[in-house]
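**Student:** Listed here are the chains, written in short residue letters.
2 protein chains.
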Amino acid sequence: MNCLFPSQTFKDPKEYLPLLNMLKTLEPNYQRYTIDKHLKRNRKALHHLSKCGEEHFNEALNLVKDQRLYSEALGRYPTDSPQYKALSCAYAEYMVEQQQAEQAGLLLWRCGEAVRALQAFVGSASWRNALCVAEQIPLPPDQLALLARDLTEKLIALRRYTEAAILLEQYAKDCEEAISALVTGAVWEEALRLVYLYNRQDIIETNLKPALLEACSSQTTYLEAQMAMLIRHKTRLAVVWEVKEKDRLELLDEDVPDCPEAELYSEASSVMTGSHAGSKYSHSNSSRSSKNSRKAERKKPSLKEGIPLEDMDLLHALADIIHSVDKIRGEVHSLLKAMMLFQFDGQAGRLQQAYGEALQMMDAALPEVWQEGLQQSQAPISGPNSTANSIMASFQQPRPSATQETPPPPKMRNGVKWKLSILK
Amino acid sequence: MNCLFPSQTFKDPKEYLPLLNMLKTLEPNYQRYTIDKHLKRNRKALHHLSKCGEEHFNEALNLVKDQRLYSEALGRYPTDSPQYKALSCAYAEYMVEQQQAEQAGLLLWRCGEAVRALQAFVGSASWRNALCVAEQIPLPPDQLALLARDLTEKLIALRRYTEAAILLEQYAKDCEEAISALVTGAVWEEALRLVYLYNRQDIIETNLKPALLEACSSQTTYLEAQMAMLIRHKTRLAVVWEVKEKDRLELLDEDVPDCPEAELYSEASSVMTGSHAGSKYSHSNSSRSSKNSRKAERKKPSLKEGIPLEDMDLLHALADIIHSVDKIRGEVHSLLKAMMLFQFDGQAGRLQQAYGEALQMMDAALPEVWQEGLQQSQAPISGPNSTANSIMASFQQPRPSATQETPPPPKMRNGVKWKLSILK
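Line by line, the protein sequences are chains A and B. Counting in my numbering, the first sequence runs from -16 upward without gaps. Counting in my numbering, the second sequence runs from -16 upward without gaps.
No lab work stands behind these hints: they were computed from the structure.
Where chains are identical, the list cannot tell them apart; a pair therefore holds if satisfied intra-copy or between any two copies.
Straight line, CA to CA, 25 Å or less: simulated BS3-like cross-link-like pairs of lysine-lysine:
{"#": "1", "residue 1": "Lys394", "residue 2": "Lys310"}
{"#": "2", "residue 1": "Lys400", "residue 2": "Lys310"}
{"#": "3", "residue 1": "Lys407", "residue 2": "Lys34"}
As the structure is a computational prediction, the values presented were derived from the model and not from experiment.
Start from the sequences and build out the full structure, keeping to the hints where you can.
**Tutor:** Dropping the structure here:
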């Protein structure tokens, strides 16, 4: 206990004896807590305080909140005790502040605070948990339906249409809205399943068919825009590489033993790398399932020609185009099947052809850009006139091959079948 | 019409005049069909024959089957005609033979052959379409339930547990089996949703909790095995590279102007590339959602040390490990949440720690293997004693950098959050 009062602080025993005597009157666990707290050994302090009984719990709760010892504290009380519940609620409040509302909901739910758990789950769009808690409370049917509508809005804003449809179908009991959500999300087969499950074939004419035709024309426009951009970037990349190659050869002609220019250039370009992230080309990888994200991807990069590392930006932009056009195989496949089912063979056939051509064009561009193009600009310069210095210099030149910068060639998933053989 | 009988074949008009006269007696469209068919202009022949009325339809159908002109033929008959239906059925038979039963089903469904469409959809596990057709027929409830069970089996064999659960819940009306399928598939939150929707909280104790604990221990074992393999492959790779580097330096010391050995080595290794696909390392990319695939991935590669391109095999194996361990972020996240909900904080905390360590270990291995390792073995050899030839030779050596062989460094999805901050 003497460790509390280091000799250099209290020279005179008279100064600390009263304190020591006070401590001696305390219950042993509370005594240890007081000492540990004084020494800022917070975990130990909590350990002892948790043994001091209910009358000291508020003090413990404050210590936990102050020092954020929530996890440690929960382990010290039985899960069915009021202390455990109070700690869980405090922890949940903290987690909500930390933008972790779902975890807050789990804490509240498991300690029996269902209503507060529901709030937390709704706040984090954790819709399955929210509904479980709602059924457990249980919410009356009309309130459950309202809750379902509320959650649906959140999910649709997040473009999670399939989940929104489950809510609308099973909890809001509104199959029409459920089908409509699926149609908006281009989840054609599931939409049709609900149409037949609820005997609502009328929706095929009013919603489904018009949506199919719109989706088809929207995909066609998207493909045209992406292919135009692919060609533009590829053409520009060839120009950029040609200029770089010319600069490189000119530099080599000077053949200065230490190649100071080369080093300077190399240094400059490595400094530029930092600003690369702010490039003006669109590198969007976001899902194309909504019209908003589609718009974002279609936006033309504000071409800044001649900037350093323009070739890297172009490679990134090309990789993005290839990645996102390749990614819609499944989407196109299910659209084609649905269109064919409703006899839109003509339009479906044209979309199939356009997508096939786009994939072929990208397949052809891949080796051109990533193999021939990159290898050519990476080849060491050697020949009858080269010297050790000129060859080394050719390796020190800025090339589009630096591992940190060159995006790897995007992989096309040619194994994913999307074509319908019944379409011409 | 004279084009039918080229002058060199029929010198004497007597030979072909009877034929010509016969043709003249035919109805004009049938006449043109006869000529086109004789000249093997099948598409044109079909075009004319389709105008010859019902009495010639069987002939048309045979032409279509013979020449596989299904798509062309469908365009020539009204979609509500018996001819369209007959052609669709013939086409569907052909598509089933071509292992395209789903497309066959669509052809049959849209021409009104619901029962045959159902068969085709069941055969291709196209369960949503199958159920739509079944509702349209309509199948009586008991048969619908049987159909649902049949389709469920197919889906479970394909490890599509979430879809199997929809079938069991909504068509077989068996919520217990639906929940069980979800538990088997580790779809914890959806399982819990059905538990509360159908008020079957008893299943939490009987099925859900034991399954959670089993999944936790299975994931832990999996992580241990993968990390052991990661270390083994990394260690072996360092040895392989060291040996290669030594060989390379020895080769350079000989400094023969044309480097014949280097070329020989290089040739040999490019021949070997063909056999690379048959490598003994496990390159499995299959989903880990079932125990079978997990087993397949865990199987130790039968290490064939010293084979050519062993370093490439090791890189592939390392990339596979990193890819598959990184891929289970979502799976681990939902397992941790479910375990925490049921107060399994201890086990969940240990799994969280193990997974965190595994991810860290892979994160550290990535630059070691793919940047430092590869760059080192790619660096041109230069120094006071090097000559133009020795430097060029160092580039001609077999290095693990050939574009076709080196697997690109796997990307870790560090943006995907999986950790629970409420677990210690």
